[in-house]
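Novice: Sequences are here, hints too, so could you generate the full structure?
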Amino acid sequence: MIPENRPHVAYDEIIKLVEPQSTVLDLGCGDGELLQRLWQERGCRGRGVEIDEGHIRTCIGKGISVFQGDLDQGLADHETHAYEYVILNQTLQMVHRPDRLLREMIRVGRNVIIGFPNFGYYLNRLQLLFRGRMPVTGTLPYQWYETPNIHLCTLRDFRNLCADLNIHVKTEAASHKGKPISPVAANLFATEVCFLLVDSLKSI
Amino acid sequence: MSVEEDRESELGVVAPHYFEFGSQNDGLTLDSGQILGPVRICYESYGTLNADASNAILLLHAFSGDAHAAGYHSSDDRHPGWWHSMVGPGRPFDTDRYFIICSNVLGGCQGSTGPGSVNPETGDRYGLGFPVITIHDMVKAQVRLMDHLGIQKLLAVAGGSMGGMQALEWASRYSSRVHGAIVLASTSRLSAQGIAFNAVGRNAIMSDPRFRDGRYYEGESPTRGLAIARMVGHITYLSDESMRMKFGRRLQDRDSMDFSFADQFEVESYLEYKGGTFVDRFDANSYIYLSKAIDYFDMETTHGSLENAFATTSSKFLILSFSSDWLYPPYQSREIVRALMRKQKDVSYCEISSPYGHDSFLLETERQAPMIQAFLSTLTQDHALDGTP
Numbered sequence: 006m007i008p009e010n011r012p013h014v015a016y017d018e019i020i021k022l023v024e025p026q027s028t029v030l031d032l033g034c035g036d037g038e039l040l041q042r043l044w045q046e047r048g049c050r051g052r053g054v055e056i057d058e059g060h061i062r063t064c065i066g067k068g069i070s071v072f073q074g075d076l077d078q079g080l081a082d083h084e085t086h087a088y089e090y091v092i093l094n095q096t097l098q099m100v101h102r103p104d105r106l107l108r109e110m111i112r113v114g115r116n117v118i119i120g121f122p123n124f125g126y127y128l129n130r131l132q133l134l135f136r137g138r139m140p141v142t143g144t145l146p147y148q149w150y151e152t153p154n155i156h157l158c159t160l161r162d163f164r165n166l167c168a169d170l171n172i173h174v175k176t177e178a179a180s181h182k183g184k185p186i187s188p189v190a191a192n193l194f195a196t197e198v199c200f201l202l203v204d205s206l207k208s209i
Numbered sequence: 006m007s008v009e010e011d012r013e014s015e016l017g018v019v020a021p022h023y024f025e026f027g028s029q030n031d032g033l034t035l036d037s038g039q040i041l042g043p044v045r046i047c048y049e050s051y052g053t054l055n056a057d058a059s060n061a062i063l064l065l066h067a068f069s070g071d072a073h074a075a076g077y078h079s080s081d082d083r084h085p086g087w088w089h090s091m092v093g094p095g096r097p098f099d100t101d102r103y104f105i106i107c108s109n110v111l112g113g114c115q116g117s118t119g120p121g122s123v124n125p126e127t128g129d130r131y132g133l134g135f136p137v138i139t140i141h142d143m144v145k146a147q148v149r150l151m152d153h154l155g156i157q158k159l160l161a162v163a164g165g166s167m168g169g170m171q172a173l174e175w176a177s178r179y180s181s182r183v184h185g186a187i188v189l190a191s192t193s194r195l196s197a198q199g200i201a202f203n204a205v206g207r208n209a210i211m212s213d214p215r216f217r218d219g220r221y222y223e224g225e226s227p228t229r230g231l232a233i234a235r236m237v238g239h240i241t242y243l244s245d246e247s248m249r250m251k252f253g254r255r256l257q258d259r260d261s262m263d264f265s266f267a268d269q270f271e272v273e274s275y276l277e278y279k280g281g282t283f284v285d286r287f288d289a290n291s292y293i294y295l296s297k298a299i300d301y302f303d304m305e306t307t308h309g310s311l312e313n314a315f316a317t318t319s320s321k322f323l324i325l326s327f328s329s330d331w332l333y334p335p336y337q338s339r340e341i342v343r344a345l346m347r348k349q350k351d352v353s354y355c356e357i358s359s360p361y362g363h364d365s366f367l368l369e370t371e372r373q374a375p376m377i378q379a380f381l382s383t384l385t386q387d388h389a390l391d392g393t394p
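Protein chains in written order, with this note's numbering: chain S, 6 to 209; chain W, 6 to 394.
These are calculated hints, taken from the structure and not from any lab test.
Keep in mind that a hint or two might mislead.
Straight-line alpha carbon distances no greater than 25 Å define the calculated DMTMM-like cross-link-like pairs of lysine to aspartate or glutamate that follow [what the hints assert, rightly or not]: (1) S:Lys67 / W:Glu356; (2) S:Lys21 / S:Glu58; (3) W:Lys297 / W:Asp218; (4) S:Lys67 / W:Glu371; (5) W:Lys350 / S:Glu89; (6) W:Lys348 / W:Glu305; (7) W:Lys350 / S:Glu109; (8) W:Lys350 / S:Asp75; (9) S:Lys67 / W:Glu369; (10) S:Lys67 / W:Asp99; (11) W:Lys348 / S:Glu177; (12) W:Lys297 / W:Asp387; (13) W:Lys348 / S:Glu24; (14) W:Lys350 / S:Glu46; (15) S:Lys21 / S:Asp204; (16) W:Lys251 / W:Asp218; (17) W:Lys251 / W:Asp99; (18) W:Lys350 / W:Asp303; (19) W:Lys348 / W:Asp303; (20) W:Lys350 / W:Glu312; (21) W:Lys350 / W:Glu340; (22) W:Lys279 / W:Asp258; (23) W:Lys158 / W:Glu371; (24) W:Lys348 / S:Asp82; (25) W:Lys350 / S:Glu24; (26) W:Lys350 / S:Asp57; (27) S:Lys67 / W:Glu225; (28) W:Lys348 / S:Glu84.
Label pairs and their computed distance ranges (CB to CB) [what the hints assert, rightly or not]: (29) S:Pro25 / W:Ile40: 49 to 55 Å; (30) W:Ser196 / S:Ala81: 18 to 24 Å; (31) S:His156 / W:Ser196: 37 to 43 Å; (32) W:Ala374 / S:Thr28: 47 to 53 Å; (33) W:Leu368 / S:Asp75: 50 to 56 Å.
Ideal Cβ placement from N, Cα and C applies to all residues, glycine included.
Specialist: Spelled out as structure tokens, the structure:
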């Protein structure tokens with residue numbers, strides 16, 4: 006499910022959002038680079054969930070606890086509120102039911118961090134408008150027939166989903182190729198977005 | 006590769022060693038309350054123990070295994086040890102780096118004290134008078150062996166199936182003496198299905214007229230019953246897919262069925278062969294004792310819950326299961342992993358997709374080797390960092 010060349014974006018963005026010494030579950034942790042940096046830079050104890058055997062091997066070699074699991078099957082193996090942070094980076098758009106996974110993440114983590122490519126980025130819109138073709142860009146480098154991104158959404162779509170699910174947005178960080186973008190213009194100009202979310206009931 | 010060539014890069018000829026204890030009021034207190042002594046443990050070792058005794062790895066064999074994990078017993082021996090593909094120079098259990106030990110379990114019949122041993126009180130073989138032993142009892146004997154070898158803390162314990170049960174016991178009860186536990190195709194308690202197959206095996210042995218309540222050592226042994234027990238066992242070690250790939254519906258030594266009972270499918274002759282060779286190396290009484298020890302093993306009941314079993318463990322875990330293993334199915338490994346995660350323990354888990362059934366842990370060397378190698382190397386690094394042997 007996770008392509009080899011998934012862009013390693015937004016690690017800095019995510020690391021900034023995580024409190025030092027906290028516990029972290031990284032969903033779709035790939036080769037474990039983010040967990041390793043969270044350990045080195047924040048002293049966080051982490052665990053990864055990954056489906057690919059090769060990535061699992063790499064994580065084990067880095068001394069990272071990794072659990073083989075398929076995100077499309079939910080997070081039933083994980084206890085409620087088991088982690089201070091549950092992270093899903095560049096993977097939301099690849100799962101069969103992003104809404105269900107989001108709800109599961111809110112159950113398992115006190116905080117949820119989600120990073121994904123913003124489909125509302127103006128170049129995507131222009132490609133569709135003027136060329137009449139599915140966008141292919143630096144952050145979305147796949148042809149329509151081979152893309153693992155089956156549920157792309159815009160920043161605004163995601164905000165709406167959070168509202169529908171009673172999820173409170175604590176922080177929203179939008180960027181264009183690594184440079185910050187004001188929230189007002191973000192849906193049009195951000196290539197990447199990163200959200201820090203909590204359960205609305207818990208945030209009161 | 007010929008045996009000779011293979012041997013070049015291998016451990017070559019190895020020999021078993023024996024350790025005896027328990028003859029002077031230092032017998033082994035078993036879970037049943039009985040005290041067993043003297044006890045003899047057969048073991049083999051490969052590689053060299055380093056100066057601070059911090060590079061030792063204990064391999065834990067499965068039901069019918071023995072202390073002979075790797076190498077050959079003589080220069081014309083054609084059968085290497087049971088985990089030969091994983092143990093040796095440059096292999097995951099790298100004898101250039103680690104000191105590898107493997108001992109025959111208590112209750113076994115391949116060098117260690119078991120029901121076939123002579124009871125010093127009577128001068129006769131124990132037979133069914135041998136005390137009932139548990140997986141924990143096997144581990145207690147291994148702990149004594151480690152004391153004897155001067156190994157305070159093992160870098161790792163590793164085993165599949167019944168060996169995995171022992172690894173779990175080590176990590177649960179003796180975690181101060183185990184840095185890492187590698188648990189392959191195993192469970193914290195055998196399923197009802199597993200117990201059922203063991204019961205059929207025991208019944209086959211005990212129904213053999215030669216069994217005579219286990220007192221067969223002076224005469225003919227219950228080879229037919231034992232062979233049938235082994236045939237049942239082999240069915241449970243394979244899978245529908247592996248049997249289809251290996252045998253299909255092919256007939257042995259003929260092209261078509263001639264509607265006689267002499268017809269033999271390949272799978273039948275495979276089971277016959279496996280049953281036949283097994284009786285030459287295994288004792289029927291040991292089959293009964295060891296299968297019972299597996300049936301009794303239940304960490305949930307023993308400790309109240311699986312979380313309790315691992316509440317105080319400081320060991321790290323690598324747990325691997327195999328997709329087609331229906332005897333020790335992946336969900337049982339995941340239960341262990343979930344309990345460890347709930348207790349915030351250091352655990353990694355992978356379900357390796359493999360068609361070979363329970364046997365996968367002995368066959369899927371290429372898939373599991375890199376993970377075991379990676380896990381062991383992090384244990385070595387940990388040791389270098391914290392400096393505690």
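Novice: Each hint: holds or not?
Specialist: Hint by hint, here is what the structure shows:
1. S:Lys67 / W:Glu356: holds (19 Å)
2. S:Lys21 / S:Glu58: violated (29 Å)
3. W:Lys297 / W:Asp218: holds (16 Å)
4. S:Lys67 / W:Glu371: Within the cut-off at roughly 20 Å; holds.
5. W:Lys350 / S:Glu89: Answer holds: lysine 350 of chain W to glutamate 89 of chain S is near 16 Å, not above 25 Å.
6. W:Lys348 / W:Glu305: Holds, at roughly 15 Å.
7. W:Lys350 / S:Glu109: holds (22 Å)
8. W:Lys350 / S:Asp75: Holds. Lysine 350 of chain W to aspartate 75 of chain S sits at ~21 Å (cutoff 25 Å).
9. S:Lys67 / W:Glu369: Within the cut-off at roughly 23 Å; holds.
10. S:Lys67 / W:Asp99: holds (19 Å)
11. W:Lys348 / S:Glu177: violated (33 Å)
12. W:Lys297 / W:Asp387: Given pair lysine 297 of chain W, aspartate 387 of chain W is violated - Cα atoms ~38 Å apart, limit 25 Å.
13. W:Lys348 / S:Glu24: Distance ~21 Å between lysine 348 of chain W and glutamate 24 of chain S Cα, so the pair holds.
14. W:Lys350 / S:Glu46: Roughly 21 Å between the alpha carbons, so the hint for lysine 350 of chain W and glutamate 46 of chain S holds.
15. S:Lys21 / S:Asp204: Status holds; Cα separation ~20 Å.
16. W:Lys251 / W:Asp218: Answer violated: lysine 251 of chain W to aspartate 218 of chain W is near 37 Å, above 25 Å.
17. W:Lys251 / W:Asp99: With a Cα-Cα distance of about 31 Å, the restraint between lysine 251 of chain W and aspartate 99 of chain W is violated, given a limit of 25 Å.
18. W:Lys350 / W:Asp303: holds (20 Å)
19. W:Lys348 / W:Asp303: Holds, because 19 Å separates the two Cα atoms, which is no more than 25 Å.
20. W:Lys350 / W:Glu312: The hint holds at about 10 Å.
21. W:Lys350 / W:Glu340: holds (14 Å)
22. W:Lys279 / W:Asp258: Status holds; Cα separation ~18 Å.
23. W:Lys158 / W:Glu371: Roughly 28 Å between the alpha carbons, so the hint for lysine 158 of chain W and glutamate 371 of chain W is violated.
24. W:Lys348 / S:Asp82: This hinted pair holds, its Cα atoms lying about 13 Å apart.
25. W:Lys350 / S:Glu24: With a Cα-Cα distance of about 21 Å, the restraint between lysine 350 of chain W and glutamate 24 of chain S holds, given a limit of 25 Å.
26. W:Lys350 / S:Asp57: Answer holds: lysine 350 of chain W to aspartate 57 of chain S is near 22 Å, not above 25 Å.
27. S:Lys67 / W:Glu225: violated (56 Å)
28. W:Lys348 / S:Glu84: holds (11 Å)
29. S:Pro25 / W:Ile40: 49 to 55 Å: holds (53 Å)
30. W:Ser196 / S:Ala81: 18 to 24 Å: Check passed, 20 Å falls within 18 to 24 Å.
31. S:His156 / W:Ser196: 37 to 43 Å: holds (38 Å)
32. W:Ala374 / S:Thr28: 47 to 53 Å: The hinted range 47 to 53 Å is violated for alanine 374 of chain W and threonine 28 of chain S, with Cβ atoms some 31 Å apart.
33. W:Leu368 / S:Asp75: 50 to 56 Å: violated (25 Å)
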